[in-house]
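One line per chain: the protein sequences are A and B, in this order. Residues 1 to 343, numbered by the numbering used here, are exactly what the first sequence covers, in order. Residues 344 to 686, numbered by the numbering used here, are exactly what the second sequence covers, in order.
Since the hints were made in silico from the structure, they are not lab data. Remember, predicted model here, so these are calculated numbers, not experimental data.
With the C-beta cut set under 10 Å, the calculated list includes, among others, these residues of chain A facing chain B:
#1 Ala-32
#2 Ala-85
#3 Gln-99
#4 Ala-122
#5 Lys-132
#6 Phe-342
DSSO-like mimics (lysine-lysine), calculated; alpha carbons at most 30 Å apart, straight line:
#7 B/Lys-473 to A/Lys-105
#8 A/Lys-174 to B/Lys-473
#9 A/Lys-105 to A/Lys-174
#10 A/Lys-130 to A/Lys-105
#11 B/Lys-448 to A/Lys-130
#12 B/Lys-517 to A/Lys-130
We treat Cβ as the ideally placed atom computed from N, Cα and C, and that holds for glycine.
Protein chains: 2
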Amino acid sequence: MNEFEFIRRLREQVQSRETSSRVLKGIGDDAAVISQSLGRDSVITTDLLIEDIDFHRASTPPRLLGHKALAVSLSDIAAMGARPAYSFLSLGLPEEIWQGDFKDKFYEGYLALADKFGVALAGGDISRSKDKIVIDSIVVGEVSTRSAIMRSGARPGDQVFVTGTLGGAATGLKLIELGARLSEAPAVATGPSQDSEEHAIQSLLGRQLRPSPRVGWGIVLGTEQLASAMIDISDGLSSDLAHLCAESGGGAVIESASIPVDKDVIKLCGRRALDPLALALHGGEDFELLFTVSPENVDRLPRRVDGVEVSLIGEITDKSGSIRIREKDREWDLPAQGFEHFK
Amino acid sequence: MNEFEFIRRLREQVQSRETSSRVLKGIGDDAAVISQSLGRDSVITTDLLIEDIDFHRASTPPRLLGHKALAVSLSDIAAMGARPAYSFLSLGLPEEIWQGDFKDKFYEGYLALADKFGVALAGGDISRSKDKIVIDSIVVGEVSTRSAIMRSGARPGDQVFVTGTLGGAATGLKLIELGARLSEAPAVATGPSQDSEEHAIQSLLGRQLRPSPRVGWGIVLGTEQLASAMIDISDGLSSDLAHLCAESGGGAVIESASIPVDKDVIKLCGRRALDPLALALHGGEDFELLFTVSPENVDRLPRRVDGVEVSLIGEITDKSGSIRIREKDREWDLPAQGFEHFK
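Taking the hints into account, I'd like the entire structure generated from these sequences.
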């Protein structure tokens with residue numbers, strides 16, 4: 001059983017209980033939605049990051065780990081069309097890490113990103129761990145009453161959009177595995193071609209280690225009620241599109257030529273036997289937003305927010321569970337090959 | 344630097360930031376308090392539990408681990424005088440644990456306790472971990488506007504109370520370390536004296552492995568506005584009383600003879616070279632509530648809630664930072680010797 005099947009079963013167990021709660025959306029979306037009052041709902045997400053599973057100490061500077069811990073949760077809040085408000089952080093550290101300056105640099109990176117979006121760190125927990133660093137990031141956001149954007153709202157005919165570019169974070173991870181390291185200083189030019197390749201490598205490492213959550217896009221899509229359904233791309237486009245379609249009860253066809261493959265991925269892939277389209281379709285952790293817009297709302301969609309563009313990549317169909325990809329007049333099934341923790 | 348010093352510094356860093364947030368109480372109490380609207384504040388706590396630090400797999404049945412993960416957070420909510428409402432759970436499991444029935448039994452224990460108090464599990468995260476089980480428990484509770492009970496409200500002359508009995512959980516931990524195990528079935532009588540000793544052992548193991556958060560007391564003290572300050576006893580009475588006094592800017596004198604030492608601790612200690620009073624003063628994880636009541640409110644305090652009695656153990660003084668213990672006409676300093684993760 002993978003974690004998605006288990007979570008589905010757990011959701012059924014929880015839904016069958018009688019709790020007079022104000023949980024509008026519980027288990028099974030990017031975040032939970034809780035009814036508050038005076039026109040406001042809370043949106044809450046938690047993300048667990050564990051050393052040697054979700055990151056490696058040697059290749060992740062502490063400051064960037066602090067940044068990423070918050071970024072992944074801000075991305076979930078954005079995926080609900082909500083504005084982030086405050087946060088909590090649980091941190092488990094081995095004794096020898098506690099004694100060094102890891103915790104100072106980690107919180108430096110965390111708080112710098114929190115400041116950028118006006119998020120207040122309101123609490124958390126600090127614990128010792130045996131030998132691995134453990135992080136649980138919790139962010140609470142806000143939306144107007146009943147205006148959180150769920151995964152479940154897509155309807156046949158809705159257009160499928162994605163922000164930014166895809167494949168960069170997964171390529172960055174592969175580069176790290178090949179030994180590349182993010183340089184603190186800008187790359188030194190040693191020749192025009194090498195310079196540009198080093199620049200591409202550094203940019204892709206940044207996509208993996210210093211992700212930019214699409215907070216601005218989330219707020220715009222939520223406030224203007226432009227998206228019918230939304231999810232963030234954490235596991236990979238093929239998996240996350242399948243999650244969205246499963247919750248909405250539909251299918252999708254996407255256009256291969258419209259997938260916004262990261263330009264640096266294309267630049268580097270030739271020499272390294274990497275397929276740029278596969279990385280864009282199945283690579284995780286780009287933390288872009290994947291959302292659907294009903295035909296009558298498409299004209300109202302801004303072209304860019306905070307400098308990040310959006311691409312139309314396909315359409316929702318009424319064929320439940322069928323995720324197809326089209327290249328000119330050929331069309332085939334797109335299997336969900338994104339990340340899962342358990343098989 | 345221990346974690347309390349680090350948290351104090353982090354709190355100063357966070358407080359110096361300008362965030363137009365509704366965080367009424369941030370870092371540094373049992374839970375954060377967030378201003379909502381229409382007469383209600385939210386109270387939020389997170390608790391990280393890590394294998395081989397906070398629990399051991401061999402001595403903790405999965406069902407009880409699920410129970411305890413929620414219980415420790417419910418205790419924090421009770422310590423704010425709040426009513427628990429909904430919860431989140433982040434769980435990191437090694438591959439081989441995922442494949443077994445651990446997760447089913449764990450959620451069984453968690454959900455049984457959640458049901459008891461009408462708490463709705465609203466979300467969380469599931470991740471793989473390298474080799475240790477990792478749990479982060481998040482509970483959100485509610486209080487009337489501005490009526491959460493902080494650690495900081497105690498004033499000189501306020502009376503100090505504690506619910507239930509102390510020392511049981513720490514003794515239970517020592518028994519586990521000595522090889523005792525909680526039996527699923529009731530102890531079989533093999534003679535009057537052995538029977539009663541086995542009963543005491545099982546009861547103390549239960550205090551460690553199956554703690555009862557004082558949810559009812561928390562709700563009564565919050566609703567009736569009876570307590571001026573409150574904290575739950577997770578690190579140990581001596582440490583938690585010091586935390587409360589530090590936040591309130593006062594000191595305390597407690598009466599040795601009034602400490603409600605667990606009867607089973609007294610029964611077992613003779614043969615095992617354990618000092619029952621030391622266990623009650625410094626042992627952690629009893630999850631009782633320690634609170635202060637102003638003299639004019641003492642008469643309104645109920646004697647018991649949900650069958651759990653309360654003991655008057657001392658008084659708040661104006662001697663900042665001075666925690667004293669008195670036995671008849673002798674009096675001495677009570678050092679904070681409770682649990683800390685880092686020295």
